[in-house]
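Engineer: If you're matching them up, the sequences are chains A and B in order. With the numbering used here applied, the first sequence closes on residue 124, and no number is skipped along the way. With the numbering used here applied, the second sequence closes on residue 124, and no number is skipped along the way.
Take these hints with a grain of salt, some might be off.
Chain copies aren't distinguished; within one or between two, either way the pair holds.
In silico lysine-lysine, BS3-like type, Cα no more than 30 Å apart, as pairs [stated by the list, open to error]:
1. K116 to K40
2. K104 to K77
3. K77 to K116
The hints are simulated quantities; they were obtained by calculation from the structure and are not laboratory data.
Protein chains: 2
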Amino acid sequence: MAGGAPAGTVSESMRHEERPSSCRQECCGLYHRAVELVGKRWTGAILLVLLEGPLRFSEVRQLVPDLSDRLLSERMKELEAEGIVERRVLDGVPVGVEYELTDKGRALEPTVRALKAWAQQWLA
Amino acid sequence: MAGGAPAGTVSESMRHEERPSSCRQECCGLYHRAVELVGKRWTGAILLVLLEGPLRFSEVRQLVPDLSDRLLSERMKELEAEGIVERRVLDGVPVGVEYELTDKGRALEPTVRALKAWAQQWLA
Numbered sequence: 001m002a003g004g005a006p007a008g009t010v011s012e013s014m015r016h017e018e019r020p021s022s023c024r025q026e027c028c029g030l031y032h033r034a035v036e037l038v039g040k041r042w043t044g045a046i047l048l049v050l051l052e053g054p055l056r057f058s059e060v061r062q063l064v065p066d067l068s069d070r071l072l073s074e075r076m077k078e079l080e081a082e083g084i085v086e087r088r089v090l091d092g093v094p095v096g097v098e099y100e101l102t103d104k105g106r107a108l109e110p111t112v113r114a115l116k117a118w119a120q121q122w123l124a
Numbered sequence: 001m002a003g004g005a006p007a008g009t010v011s012e013s014m015r016h017e018e019r020p021s022s023c024r025q026e027c028c029g030l031y032h033r034a035v036e037l038v039g040k041r042w043t044g045a046i047l048l049v050l051l052e053g054p055l056r057f058s059e060v061r062q063l064v065p066d067l068s069d070r071l072l073s074e075r076m077k078e079l080e081a082e083g084i085v086e087r088r089v090l091d092g093v094p095v096g097v098e099y100e101l102t103d104k105g106r107a108l109e110p111t112v113r114a115l116k117a118w119a120q121q122w123l124a
């Protein structure tokens, strides 16, 4: 099934040599932080809708179903603190607040697009 | 700053027309489920280390620091139930159990790689 290599001590020890655990481990810290950040409940959805352009608070609410004002406000503050989203007060009547991805936030586009494509192919 | 378009009612209403909210919303369900699944605490890290090839339980533990046996076991069961990871009992002494990504799991590689690259560029 796995290619016909003989099972046993030799191939087992070879396979273990092929696994550079220290190299794998090095990358984990930053990546793990990224997963915790982007994978937080609602954060992924907020990033997805902001990729199309800046949105007002109420527009994000509309585009992300089941998200409460309180939670959206909390997530936006976290994303601002991480430098992923920028908050802008708009002139005009009525005065509004708009949220836009920063360069750091827009750099998440390949991740978001890849996950969306995966979801459509494998979860549909 | 944003290109010199005149501020006011017309450009504001045009911008709103450019926002196809119903289209944006359609995609949210599956994508949101994917974020919840992959973004769950430790799941992203487990997927990352399994992308390099199958691993025994103890090897995953070693490669994902701070992950307890209990939690790893729980995550593996969830990933198996989702069809993302396959569990295989190995012949030999000592008898072992190996975990491997399925096609559905391997299809997450672009997402994982993109997020890892983002983390290394923006969180380092």
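Engineer: Could you run down the list of hints and mark each one as holding or not?
Structural biologist: For each hint, the structure was consulted:
| no. | hint | verdict |
| --- | --- | --- |
| 1 | K116 to K40 | both (16 Å within a copy, 16 Å between copies) |
| 2 | K104 to K77 | within (15 Å within a copy, 34 Å between copies) |
| 3 | K77 to K116 | both (24 Å within a copy, 23 Å between copies) |
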